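Number of protein chains: 2
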Amino acid sequence: MSGKAVEFAKDNGARFVEELKALLRIPSISTTPERAGDVRKAAEFVAEGLRAAGMENVRLIETTTATHQGHPLVYADWLHAPGKPTVLCYGHYDVQPPDPLDEWKSPPFEPEERDGNIYARGAVDDKGQMWMHVKALESLLKAEGKLPVNIKVIVEGEEEVGGEGIAAFVREHGDVLKADAALVSDTEMFAPELPTLCVGLRGMIYTELEVRGAATDLHSGMYGGAAPNPFVALAQIIAKLKDETGHIAIPGFYDGIEAPTADELKAWKSLPFDEEHYRKTEVGSTELTGEPDFSVLERTWSRPTMDVHGMPGGFTGAGAKTVIPAKALAKISFRLVPGMAPEATFEKYRKFVEGIVPKGTQVTVRMIHSGEPIVVSTDNDYIRAAKEAMAEVFGKETVFVRGGGSIPIVGDFVRELGIPTVMMGFGLPDDNLHAPNEKFHLANFHRGIESIVRFFGLVGGA
Amino acid sequence: MSGKAVEFAKDNGARFVEELKALLRIPSISTTPERAGDVRKAAEFVAEGLRAAGMENVRLIETTTATHQGHPLVYADWLHAPGKPTVLCYGHYDVQPPDPLDEWKSPPFEPEERDGNIYARGAVDDKGQMWMHVKALESLLKAEGKLPVNIKVIVEGEEEVGGEGIAAFVREHGDVLKADAALVSDTEMFAPELPTLCVGLRGMIYTELEVRGAATDLHSGMYGGAAPNPFVALAQIIAKLKDETGHIAIPGFYDGIEAPTADELKAWKSLPFDEEHYRKTEVGSTELTGEPDFSVLERTWSRPTMDVHGMPGGFTGAGAKTVIPAKALAKISFRLVPGMAPEATFEKYRKFVEGIVPKGTQVTVRMIHSGEPIVVSTDNDYIRAAKEAMAEVFGKETVFVRGGGSIPIVGDFVRELGIPTVMMGFGLPDDNLHAPNEKFHLANFHRGIESIVRFFGLVGGA
Chain A
1 MSGKAVEFAK DNGARFVEEL KALLRIPSIS TTPERAGDVR KAAEFVAEGL
51 RAAGMENVRL IETTTATHQG HPLVYADWLH APGKPTVLCY GHYDVQPPDP
101 LDEWKSPPFE PEERDGNIYA RGAVDDKGQM WMHVKALESL LKAEGKLPVN
151 IKVIVEGEEE VGGEGIAAFV REHGDVLKAD AALVSDTEMF APELPTLCVG
201 LRGMIYTELE VRGAATDLHS GMYGGAAPNP FVALAQIIAK LKDETGHIAI
251 PGFYDGIEAP TADELKAWKS LPFDEEHYRK TEVGSTELTG EPDFSVLERT
301 WSRPTMDVHG MPGGFTGAGA KTVIPAKALA KISFRLVPGM APEATFEKYR
351 KFVEGIVPKG TQVTVRMIHS GEPIVVSTDN DYIRAAKEAM AEVFGKETVF
401 VRGGGSIPIV GDFVRELGIP TVMMGFGLPD DNLHAPNEKF HLANFHRGIE
451 SIVRFFGLVG GA
Chain B
1 MSGKAVEFAK DNGARFVEEL KALLRIPSIS TTPERAGDVR KAAEFVAEGL
51 RAAGMENVRL IETTTATHQG HPLVYADWLH APGKPTVLCY GHYDVQPPDP
101 LDEWKSPPFE PEERDGNIYA RGAVDDKGQM WMHVKALESL LKAEGKLPVN
151 IKVIVEGEEE VGGEGIAAFV REHGDVLKAD AALVSDTEMF APELPTLCVG
201 LRGMIYTELE VRGAATDLHS GMYGGAAPNP FVALAQIIAK LKDETGHIAI
251 PGFYDGIEAP TADELKAWKS LPFDEEHYRK TEVGSTELTG EPDFSVLERT
301 WSRPTMDVHG MPGGFTGAGA KTVIPAKALA KISFRLVPGM APEATFEKYR
351 KFVEGIVPKG TQVTVRMIHS GEPIVVSTDN DYIRAAKEAM AEVFGKETVF
401 VRGGGSIPIV GDFVRELGIP TVMMGFGLPD DNLHAPNEKF HLANFHRGIE
451 SIVRFFGLVG GA
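Line order of the protein sequences matches chains A and B. full-length UniProt numbering applies: residue 1 is where the first sequence begins, and numbers increase by one. full-length UniProt numbering applies: residue 1 is where the second sequence begins, and numbers increase by one.
Since the hints were made in silico from the structure, they are not lab data. Source: prediction; values computed, not measured. Be careful, since some hints might not be right.
A pair counts as met if it fits within one copy or between any two copies, since identical chains are not told apart.
Subject to a maximum C-alpha distance of 20 Å in a straight line, what follows is the list of computed EDC-like cross-link-like pairs (lysine to aspartate or glutamate) [claimed, not checked]: (1) K359 - E276; (2) K359 - E282; (3) K142 - D11; (4) K327 - E287; (5) K269 - E193; (6) K359 - E298; (7) K84 - E56.
One chain only, chain A, in its complex shape (with noise of 0.2 Å):
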């Protein structure tokens, strides 16, 4: 029955794509207090385009409770196909902040197009790969006036700090997304024209460390040498927490470590990666890092390990200020995995830290946000579903890989509902997620569009 919705599909791919600058046009950067609006706008937006597409129950879902200043959940549902499996569509609205502004080639809400790619912030991650979920759903609907399966979908805006809204709700209110599977497009393929479904993902501890020295700002000239600077004590944990080799210090940090399973290993090596050509297109360093003992892939998928994302405080001018600043933070993160918990390892970072305090220096250790990480069998038949209709539409057999980031969703509907999640995603390596320049391939774009209406197809055994 797909046949049709693709032609549609085809048909109105132009219209599709000036739809998704739209989208990319608001600033829904759901970390940014003063951009609330702009995130409300783009849920508007995300509910009118679900409702044109003909999804019935269309609607906001407020998350904002007591304790949580939060982004509204979009649902809607279509739920004519009796007999037939339930799937759970889901996406985010929200995007990264766009910082350093001054290194995108366009401004990154003014989407634009060149060589092929549209580029904004939110193109792939995950404006664009959720706008494919709500085309495949019309597509479907105006060619064939009904879907094969019955489908709802939610799409939240919180996903890029931390999820806390939705998490709640797939806890309080599992029901109302009850399902047999979910899908996601939230991932990337391993590499142009090879379709890939992400079978496992990492999860993250997100955390701020913050070290109080003097009661006051100080000079350096005056307190240098008696005084406790921040910065110098938080260079030193931070050089007890992670070796020079990569290894995490923390004790009994890789206790319970699930490794990937001997075939697993096995299939990585056979993945087109060429650890050159990664080093110099992808991350562009003189070295790559990390565990000696260890693949690029591993290090990137089956290895936890943690980060520095920035570290606030003190003189961040241009010239010299000589400040001995009263307080510093770290913004360090943990990515996790299958083994791990979020809370017992916070706890254990917690405990070496509160043990490692550099003299004269007071710290504290906050958890900002937290996600478990997961492995999906592939022994099920969405999975295979998903496998045969990317197939289809790249002409080459699906690979099965693992992604490094977190989608701490895909978590909840194991934890919460019980059910698998296919991970069907056409970001391309070099789309710079969370960076200057972030962009989505066009004509992945539309592909996306055709495997998903194959997927539903399959999935409904049309």
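With chain A fixed as given, assemble chain B onto it according to the hints.
Frame of chain A, contents of chain B only:
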């Protein structure tokens, strides 16, 4: 002859304070390029004050060259005391940036009197103390019609950014400033009511350490574990520069250091210094830090040290951004003591850092500015006159101390003009230099003017 001038200063004290407030209202932050206009306004205010005092040849001297965007010097003189010595009065009218703004109890550029103090950025460092010179000269010239010595005045606007303009001027036009001794009021008293002369200063090098890892900002989920993290690299470098006892690990760093004399150390021991009181009321940290084999006074006066002032780069906003930044920076300074040369120390530091560059990163070390350490012999007539003048005003024996900060010009006066500098300062230890709520004790402003009037008298043999 100083009686009438002292009387005049007392009668006009309230006006002097109001004039100072007007000067404090000008946000002459020399490190902020957008404030260049305000910096010039402050220079013109000082020039006008010198003219009104009765000084001659008052003029602004531009310091901008092909390679240096500078702020003007203010020059004035009065040279009608034949046979008498010439004293060069130095001060600066530029100030430190006021951030963090939210910690000020009253706005930094709206001077406010509270409990006998005047609160504003620059109150004591150095507008208030520089204004004492102007008002001492005015008091003598208005009350006596003449000065007991020949006077030259040079006031700069780049002290807080390294003083490149005045250094070049002293080097190239030393004849203009030719004098027998310099008077600088940019230091503090050791304790309230304790007249103090500063006879030594630490030098410094202020540097930027830049680490580059990946070619562009990367998503820490996708690349964490394989891509170099510039903040982690900076932490590793900083942790290696200084160990946890405060010892700097750069090879040869301490070579050639001239320790204080046994007499000087003995005198420091007799100063009213309570380490626990200092820790609690001045520093406010849980413990003091630094080299355990040296006293706090040695650690801050006669031992070199290292401080980190800020670490710009990456994500510093509220919330979470999972970025591995392409680059990060650390603003790092070293305080130097007699026997250490800025350039040679910088070279040792640069070489050491270049030998410990973390894997996958590229490191650049930049010198932002520097100043030489100095010691002044107490065995000269100017120091003796200053000692006596202050003792008269405060009714107490004057003590000799050193300062941990840097006043690079004092080194230039020694090296280029071959003259000793009298560092007669009236700040107090809790004046919050370079910090929020900077203040100047108003009683000291007035006693400072009287001390300077008497100092000129004693030098002139009146």
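Structure-based check of all given hints:
no., hint, result
1, K359 - E276, "between (43 Å within a copy, 15 Å between copies)"
2, K359 - E282, "between (41 Å within a copy, 17 Å between copies)"
3, K142 - D11, "within (12 Å within a copy, 92 Å between copies)"
4, K327 - E287, "between (33 Å within a copy, 15 Å between copies)"
5, K269 - E193, "within (19 Å within a copy, 77 Å between copies)"
6, K359 - E298, "between (37 Å within a copy, 19 Å between copies)"
7, K84 - E56, "within (18 Å within a copy, 98 Å between copies)"
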